[in-house]
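2 protein chains.
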Amino acid sequence: MADSLNERSQNILEAIVEDYISSAEPVGSRAISRKHNFNLSPASVRNVMADLEEMGLLCSPHTSAGRIPTGKGFQYYIDTLLEVRDLNSNEKQNLRNSYRFQNMRMEDIMQEVGRVLSSLSQYTGLVMAPKFISTVFRQIEFIRLSRGRLLMIYVSETGLVQNKVIEADPTLTVSDLEQISNYLNSELNGLSIHEVRAKLNQELKEDRIHYDKLKKQALNLSCAALQDEIEDQVYVSGASLMLGQPEFSTPEQMKRLVQAFESKKLLIELLDRGHSARGVQIFIGSDSNQIDLEGCSLITSNFSNQKGAIGTLGVVGPIRMNYSQVVPIVDFTAQLLSRVLDREIGQN
Amino acid sequence: MADSLNERSQNILEAIVEDYISSAEPVGSRAISRKHNFNLSPASVRNVMADLEEMGLLCSPHTSAGRIPTGKGFQYYIDTLLEVRDLNSNEKQNLRNSYRFQNMRMEDIMQEVGRVLSSLSQYTGLVMAPKFISTVFRQIEFIRLSRGRLLMIYVSETGLVQNKVIEADPTLTVSDLEQISNYLNSELNGLSIHEVRAKLNQELKEDRIHYDKLKKQALNLSCAALQDEIEDQVYVSGASLMLGQPEFSTPEQMKRLVQAFESKKLLIELLDRGHSARGVQIFIGSDSNQIDLEGCSLITSNFSNQKGAIGTLGVVGPIRMNYSQVVPIVDFTAQLLSRVLDREIGQN
DNA sequence: ATTAGCACTCACCTCTGATGAGTGCTAATA
DNA sequence: TATTAGCACTCATCAGAGGTGAGTGCTAAT
Chain A
1 MADSLNERSQ
11 NILEAIVEDY
21 ISSAEPVGSR
31 AISRKHNFNL
41 SPASVRNVMA
51 DLEEMGLLCS
61 PHTSAGRIPT
71 GKGFQYYIDT
81 LLEVRDLNSN
91 EKQNLRNSYR
101 FQNMRMEDIM
111 QEVGRVLSSL
121 SQYTGLVMAP
131 KFISTVFRQI
141 EFIRLSRGRL
151 LMIYVSETGL
161 VQNKVIEADP
171 TLTVSDLEQI
181 SNYLNSELNG
191 LSIHEVRAKL
201 NQELKEDRIH
211 YDKLKKQALN
221 LSCAALQDEI
231 EDQVYVSGAS
241 LMLGQPEFST
251 PEQMKRLVQA
261 FESKKLLIEL
271 LDRGHSARGV
281 QIFIGSDSNQ
291 IDLEGCSLIT
301 SNFSNQKGAI
311 GTLGVVGPIR
321 MNYSQVVPIV
331 DFTAQLLSRV
341 LDREIGQN
Chain B
1 MADSLNERSQ
11 NILEAIVEDY
21 ISSAEPVGSR
31 AISRKHNFNL
41 SPASVRNVMA
51 DLEEMGLLCS
61 PHTSAGRIPT
71 GKGFQYYIDT
81 LLEVRDLNSN
91 EKQNLRNSYR
101 FQNMRMEDIM
111 QEVGRVLSSL
121 SQYTGLVMAP
131 KFISTVFRQI
141 EFIRLSRGRL
151 LMIYVSETGL
161 VQNKVIEADP
171 TLTVSDLEQI
181 SNYLNSELNG
191 LSIHEVRAKL
201 NQELKEDRIH
211 YDKLKKQALN
221 LSCAALQDEI
231 EDQVYVSGAS
241 LMLGQPEFST
251 PEQMKRLVQA
261 FESKKLLIEL
271 LDRGHSARGV
281 QIFIGSDSNQ
291 IDLEGCSLIT
301 SNFSNQKGAI
311 GTLGVVGPIR
321 MNYSQVVPIV
331 DFTAQLLSRV
341 LDREIGQN
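Just so you know, the protein sequences line up as chains A and B, in that order.
Residue numbers for the first sequence follow this note's numbering, beginning at 1 and rising by one.
Residue numbers for the second sequence follow this note's numbering, beginning at 1 and rising by one.
Hints are computed from structural coordinates only; laboratory data are not their basis.
A hint or two may mislead.
One copy or two, either will do: identical chains are not told apart, so a pair holds if it fits within one copy or between any two.
[What the hints assert, rightly or not] Below are the DMTMM-like pairs computed for lysine to aspartate or glutamate, each with C-alpha atoms no more than 25 Å apart in a straight line:
1) K131 - E25
2) K92 - E231
3) K72 - D176
4) K307 - E167
5) K35 - D228
6) K216 - D272
7) K216 - E206
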C-alpha cells in the first residue's frame, strides 16, 4: 500500500513518530524543520504533512495543533521504518543480571520476569505461563478430598505445578489411587499432553476388550484430569506505571485501564494472539481491537523449552511506546527464559 | 475518652457521619437540622459541631464548607454508634447463592470469595489464603528437577497446594525420594505444621544416635521443605471499583491506590493485623497507618476449618464506607467459607 | 519545487465578578 | 440559661472575557 512513500515523506514521518514518542505531544512543522536537518522550511514540511494526513498516517487533534501519528501511521513506522538494534553484550549481561532465578518455583520465575520486564521498560509487564496443553507430562498425584472428590496434582517437565478438583468413583481407596498414579506416571512420563491424550483415547478403546478394572479406572481418572484444559495463568507487573503515561492521565482512562488489567480473560486472549508465532510480535491496539486497551500497544514473544512448553511474555505500553528500546528487551528476555527453563528446570 | 458525649452530640455526630457516608461531601448545619428532625435550628447544630470539632471528631476542609468526620470521628462512630444488624435468613440465602464452590481448587475458591465480596460491597475484596504455618499436614511429594534441586509439593488437609524448590543431596535417587515421601506421609499425616516442626526437631536430635541414612535424609529434606515459611497468597478483586469512589478521583490518588494494591506485601501486612483476632475487625486507615492506603478502611474477618487452618478475608473501601452494610457481609462470608472448608474440602 | 508571508484557528491561561453554601459571633428571645 | 434569628464574612466554584502563542492552510514570489 503506502509503501510508495518517497524518501522525504518517510523521513518526515519517521521524525514525527519519534518526536511524538518522546514528547507525547502533537508535533508541529517548525519543530521538524529545525531539529532534524532536512534543510526544509516549515512550509515544505507542512505540505508533506498534509499529504501524510490524507493518506491516513497522521491526524491533528484540532486545527492549530501539530500532527499525531495514527494507528496506521505507527503501523507503517513499525513495518518499514523501525530499526531494532540488537542488544550489545554489555546490555545483555545487564539484563541477565537483573534476573534472579535461583531456586525459584515456576510461579516465582514468571512473576520475576514480569517484574523485570516492567521495570526495564517502564511499562506494564505480562507473562503467561506455559499452557497446560503445551507441557510435557512429568508426574501426577491424586489426593482424596471427600467422598467422590479428588484433588489431582499435575507436574510438568519444567516443574510447573497445576491442580484441579475432579469427581471420581467414591469407592476408590487410597491404595487404589496410589497404584493408579504409579501406573500413569510410568506410562505417561515424557509424553506431551497431545500424546498423552492420544494414548488415553486409544487405550480406552482397546480396554473394552480385556477387562482390567484398575487400569480402566486409571484411564477414566486421567481422562477427567487431563482431557480438559486447565486455566491459564497470567502475571501482570507494574500496571501503575501505565497510569503515569500522559495518554492515560484522566480518571476515566485510568479506570478503564485498571479494569482491563483486572480482566485476566482479556489479557489471555490478547497474549494468545501471538501464541503461535515465532519471534517478537507487535500489536497496535488502535481501531479494530478491544476497546478496553484502546491506546495501548503490545509487544510479545514466546518462550519455550526444548520439549516445547510454550508460554508468552510481553510488554503493554501506550501506542506511543518506545519500540526500538522495548522490542530487544522482550526478545532477549524470551530467549533468556527459554534457556533458563532448559538449564535450571529441565531434567538434569 | 470522648465517651462523655451527651445524647444530642451523639445524635448529631451520627447524622453527620451517615450523611457523609452517603454523599461523600461535607455536611452543613442546615442539612442536619432539616433532614433529621431533632427540632434544632442550624445555629444550635453549629454550636454542637464546633464542640465536636474541638474534640477532634470533625473537621472542615475550609471555612465555608460543612464538616467532615475525622478518623477519630469515624472510630467513635464505629465503636459506640454503629449498629450492625444481622443478615436476615433471606439475605443469608442470597449470599450463599452468590457463591459457586463446586469442584473448585482452593485458589479458585479464594478468588471466587474475593469476587463476590467485591461485587456485593462494591468495594475491593481481599482474601488471604490460609497461612502455611496454620495448616495441617496431608501429603508431601518430591520431584527431581535437576542435579541437587528438588521440587517439593505440599498439600494441606484442606487441599491447599503449595510448592517450593529446595536444594538437596544430589545423590538421592528417584526411589530414595519415593521412600522418603512415603515415610514422611505416614509419619506426619494429620499433624499441624507446629507439631510437624516439633517432631522433626526432636527426631533430628535422636537420630544422631542410631544411624539410619535414609531416615536422616528424610529429616533433612523435610526440614528444608517445611521449616521455612511459604509465601502467603493474596487475592485482590475489584480494585477498579475503588477508583469510582469520589475520594480517589484524582489521577494521583488513583495511582497511589493502584500501587498499593499491586504491593502484595503491604496487603499481607495489613491482613495480618487481624489475623489473630476473632470476629470482624475494622481498621481505619487514617493517620498512623500506611501512607499507601490513606483514606481507606479495612474490614476483615478470619476463616478457618476445624483443624485450624486460618486465612483472612475482607473488604477495603474508603473510610467513608458503608460499615453497617459491609460488616455483616464480611462476617457471614467468613463463617460460610469456614463451613465450606470443613464440609466440601475437609476429609470426608 | 520551494518558501516567505499572512490571515486564521483554537487550546490554554489568567483575571474578573457573581453566586451560594456555610460559618462564627452577637444579641434577642422563650 | 439554652436556643435561635440575624448578619457579616469566607471561600470554593463557575462562567465570561481577553490575551497569548503554537500551529495551520493558502497564495504569491523566488
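So, going through the hints one by one against the coordinates:
Proximity of K131 and E25 under a CA criterion of 25 Å is satisfied in neither setting, with 40 Å inside one chain copy and 49 Å between copies. Taking identical chains as interchangeable, the C-alpha atoms of K92 and E231 are never at most 25 Å apart, the minima being 33 Å within one chain and 31 Å between chains. For a Cα distance limit of 25 Å, the shortest separation of K72 from D176 qualifies neither inside one copy, at 61 Å, nor across copies, at 61 Å. In this assembly of identical chains, the alpha carbons of K307 and E167 lie at most 25 Å apart only when taken from different copies (24 Å versus 31 Å within one copy).
Taking identical chains as interchangeable, the C-alpha atoms of K35 and D228 are never at most 25 Å apart, the minima being 58 Å within one chain and 59 Å between chains. Taking the closest pair of Cα atoms, K216 and D272 never come within 25 Å of each other, the shortest separation being 35 Å inside a single copy and 47 Å across copies. In this homomeric assembly, K216 and E206 come within 25 Å of each other (Cα to Cα) only inside a single copy, at 10 Å, whereas the closest approach across copies is 46 Å.
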